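Q: Chain by chain, the residues run as shown.
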Amino acid sequence: MEKIVRVNMDDLTVKVELVPEKYRGLGGRGLTSTIVAAEVPPTCDPLGKDNKLVFAPGLLNNTPAPNAGRLSVGCKSPLTGGIKEANSGGVAGNKLGRMGIAAVVVEGMPKGNKSYKLILTKDGGTIEPADDLKGLGNYDTVAKLTAKYGQKTGYVSIGQAGEMLLKAASIAVTDRENRPTRHLGRGGVGAVMGSKGLKAIVVDDTGGQYSKPVDPEGFKKASKKLLDALKTHPVTSQGLPTYGTNVLANIINEAGGYPTRNFSEGRFEGVEKISGERQHDVILERGGKIAHGCMPGCVIQCSRIYNDKDGKFLTKGPEYETIWANGANCGIDDLDSIAQIDRLCDDYGLDTIEWGDAVAVAMEGGVKKFGDAKGAIELIKEVPKGTELGIILGNGAASVGRAYNVSRVPVVKGQGLPAYDPRPIMGIGVTYATSTMGADHTAGYAIAPNILKVGGFVDPLKPEGQIDTSRNLQIATAALDTAGMCIFVAFAILDIPAGFEGIYEMLNAQYGLKLTADDVLALGKSVLRTEREFNKKAGLTSADDRLPKFFMTEPLSPHGKVFEVTDDELDQVHNY
Amino acid sequence: MKVEIKLFAGLRKYSSHERAEPVILDIPHGSAVGDILALLEIPQDIKKIIFVNGVHGAEETQLNEHDRVGIFPPVAGG
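Protein chains in written order, with my numbering: chain W, 1 to 576; chain G, 1001 to 1078.
One or more of the hints may lead you astray.
The calculated lysine-lysine pairs, modelled on DSBU-like cross-linking and capped at a C-alpha distance of 30 angstroms, are [as the list claims (entries may be wrong)]:
| # | chain 1 | residue 1 | chain 2 | residue 2 |
| --- | --- | --- | --- | --- |
| 1 | W | LYS309 | W | LYS289 |
| 2 | W | LYS453 | W | LYS537 |
| 3 | W | LYS224 | G | LYS1002 |
| 4 | W | LYS385 | G | LYS1047 |
| 5 | W | LYS231 | G | LYS1013 |
| 6 | G | LYS1048 | W | LYS134 |
| 7 | W | LYS549 | G | LYS1013 |
| 8 | G | LYS1002 | W | LYS289 |
Reference listing, derived: stretches of chain G covered by chain W, where coverage requires no fewer than 3 residues with Cβ under 8 angstroms from a Cβ of chain W [what the hints assert, rightly or not]:
| # | segment |
| --- | --- |
| 9 | 1030-1041 |
| 10 | 1054-1063 |
| 11 | 1066-1077 |
If you are wondering where the hints come from, they were derived from the structure by calculation, not from laboratory data.
Note that this is a predicted model, so its numbers are computed, not measured.
Every residue, glycine too, gets a C-beta built ideally from N, C-alpha and C.
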């Protein structure tokens, strides 16, 4: 992938340049973070003209490697005030790889209030007016664009939330059924896209193709090593395709770390009704689909298609995080209501985690009662109406906490916590506190060793071992995010070393490199250093690498634990 | 003594209940988790993640009256 496409929203022009030396050898998050750190003033207004929105496929997205195809987007986050990378599946990552595009950099800001779309082909791009899409949800946006540009094209778009510059706004990426169900979710990336007047990107990969590897035989061998790992590990070959990500609900609940009613308890009495097992049964009863791949090349197939009671398509999945955030965290145990909220989050373009966190804080603040599913659906419908309530909620959990004077606000660096309580699962607490991204679970998924016994076992109820665990996972994840791999390959490669070797051996065979495992880790460290440096210049300090106080003072039932990792220990995570 | 057992995900089929209500078993004092696995005829060769009262356990973990046991096959998610 030799091209960078520069999209200038000041004068509405598009330029294609060759990837300069300083950006070579990078992809995905490694490339987005490097470009943001080099080109975005760390103290700029994230919704102003100096921020940039950088899309990058991973390094293996121009190959038929299994489970490569993820898309990264980077910017300065309007939610955290620090650097952000959000990551999604869907079709666009693979297409950009086939188009030979290493990055799309959207910069500047148009005058006036018009909406625009970017038409990308393998040869370049054009910006065209798109006022006919203004104010539409992602589903209608994709329908209108499909009528013009076809079913085989990829679409990246924002809904009303991004147009309104809401800090919980996401960017939608179409899936293999051409629905806007996979999201670059976290940190308000949708608001940055909206601030640049960009409503949609049409990703037309006609004429695109995979790049030939330098060593085709070597690539085939390495690819098979990863494939074998994915096909033999029980998590990636059975658990995930059968039950999807929401298989976690019961195990996290059993472990006593399933945050319930705004992080006030660790088990939810209604978990059975929103569990992965129940979801599996309902999906099959209604003619939906399990074992579904959200992007080309996926052999894990963890996504699914959820139909309503009449057997009509309602939404994908929903995923574990979504069901937790809008279910247990809000005291809601009705899967159909949660699926409806997921559908609306996808349509309006909202991060389902931040949205659920915001609603839970609102419930604690008395806006609705915990457990009020109808009320929760009313709340999300406020967003496209542009009411004050919709705006407060759409700006995320911290915004709601300030407006309604709630003290229990579960955020780090302003970003809402995901679906694991850090008190009985201390490893994930370390990641939440110290990740450059804010409260982020995928950045260093300590759940694997803490709860799932994948990649070893580190007792979740004790502070010992959590710093090393989180650090190692954060480093490895930064590298995987650069390669374009779906992070779920980690479940296989943490237990099957040959799978991990397959990944860097594919990079070597594709690009004629000689990377070792140590080089891969060095890459991860380098990405994290770049991000930490940006955050420091943006004004973040170690005071921002902390969990909210209530996690250290309020014991969580059933285990009665508080988060016991000390501040000094947290400050050791980024020593490498 | 009575203990409460729940089997999850792919292990559901070894439970006598259709839905995932907990099974209450009456077992001898001094029993361990492994004895329950044998009683329910859960195959040895599946890796299991075992919880006893919400804390990770093993087949050797000794059980007490009213303990809550949860058993999972290899699972992961997001």
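Q: Take the C-alpha atoms of LYS549/W and LYS1013/G, compute the straight-line distance between them, and say whether it is at most 30 angstroms.
A: Given pair LYS549/W, LYS1013/G is violated - Cα atoms ~43 angstroms apart, limit 30 angstroms.
Q: Is it true that the CA of LYS1002/G sits at most 30 angstroms from the CA of LYS289/W?
A: violated, 39 angstroms
Q: Given the hinted pair LYS385/W and LYS1047/G, is their Cα-Cα distance within 30 angstroms?
A: violated, 50 angstroms
Q: Taken at face value, is the distance from the CA of LYS1002/G to the CA of LYS224/W at most 30 angstroms?
A: Given pair LYS224/W, LYS1002/G is violated - Cα atoms ~49 angstroms apart, limit 30 angstroms.
Q: Holds or violated: LYS309/W with LYS289/W, Cα cutoff 30 angstroms?
A: With a Cα-Cα distance of about 14 angstroms, the restraint between LYS309/W and LYS289/W holds, given a limit of 30 angstroms.
Q: With a cut-off of 8 angstroms between beta carbons, are at least three residues of the segment 1054-1063 of chain G near chain W?
A: Held - the segment 1054-1063 of chain G has 3 residues with a Cβ nearer than 8 angstroms to chain W, which meets the minimum of three.
Q: Within 30 angstroms, alpha carbon to alpha carbon, are LYS231/W and LYS1013/G?
A: holds, 23 angstroms
Q: Report holds or violated for chain W covering the segment 1066-1077 of chain G, Cβ cut-off 8 angstroms, minimum 3 residues.
A: holds (count 7)
Q: For the pair we were handed, LYS453/W and LYS537/W, check the Cα-Cα distance against 30 angstroms.
A: violated, 38 angstroms
Q: Would you mind confirming whether the straight-line C-alpha gap from LYS1048/G to LYS134/W stays at or under 30 angstroms?
A: Violated - the C-alpha atoms of LYS134/W and LYS1048/G are around 51 angstroms apart, more than 30 angstroms.
Q: Take the segment 1030-1041 of chain G, compare each residue's beta carbon with every beta carbon of chain W, and decide whether three or more fall closer than 8 angstroms.
A: This one is violated; 0 residues, fewer than the three required, reach chain W with a Cβ under 8 angstroms.
Against the hints set out earlier in the document, violations occur for numbers 2, 3, 4, 6, 7, 8 and 9.
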